Amino acid sequence: MADIRFYHLLTQSLEQALPAILSKALAGGRKIVVRFADEAQVDYFNDHFWTYNPDSFLPHGAAADKNKEQQPVYLTAIAENPNQADMLVLCNQHTVPENIADFTLCCDFLDGGDDDSVAAGRARWKAYKEAGHSVSYYQQTETGGWDQKA
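Position one of the sequence shown corresponds to residue 358 (my numbering), numbered consecutively onward.
Hints may contain errors.
[Stated by the list, open to error] Computed Cβ-Cβ distance ranges for the label pairs, DEER-style: (1) Thr-408 to Ala-488: 32 to 42 angstroms; (2) Gln-505 to Ala-484: 14 to 24 angstroms; (3) Thr-498 to Glu-426: 31 to 41 angstroms; (4) Pro-411 to Thr-500: 17 to 27 angstroms; (5) Ser-493 to Thr-368: 18 to 28 angstroms.
In short, the hints are calculated from the structure, not lab data.
These numbers come from a predicted model, not from an experiment.
Glycine included, each C-beta is placed from N, C-alpha and C at the ideal position.
From just these sequences and the hints, can you work out the full model?
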């Protein structure tokens, strides 16, 4: 069973919060798949992760890149795990991923400014619990940190 962690964005955008979460996970030795809602988001974040900080970048790749099985962070819009990642990050998703069993950790981001995103997150929470996964909830603080609420 996977450890599912919901991250409720309240004070920062996904563009601001995601690089910090991914950097911390990489520093901990994780390989990661980040799943977006569509290819336009994959393309956007593929560029964003090279330029979000002028002093650093986030090593990553997507389907168009070579050696996707060697990417520490792999960006996609479909259910896949070409880099044999142990961590899945869900961005702008509305359903439980069909390949959740491939991962030991899943970080599921909720956009606090989008009622549909939050409602879909509640439905996923229920489905994860019913499937026997361990589920926790983190709410973003005013300073961009995270407080575990459940």
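Checked hints:
1. Thr-408 to Ala-488: 32 to 42 angstroms: 38 angstroms Cβ-Cβ, so the 32 to 42 angstroms window holds.
2. Gln-505 to Ala-484: 14 to 24 angstroms: holds (21 angstroms)
3. Thr-498 to Glu-426: 31 to 41 angstroms: holds (37 angstroms)
4. Pro-411 to Thr-500: 17 to 27 angstroms: With Cβ atoms ~22 angstroms apart, the hint holds.
5. Ser-493 to Thr-368: 18 to 28 angstroms: holds (19 angstroms)
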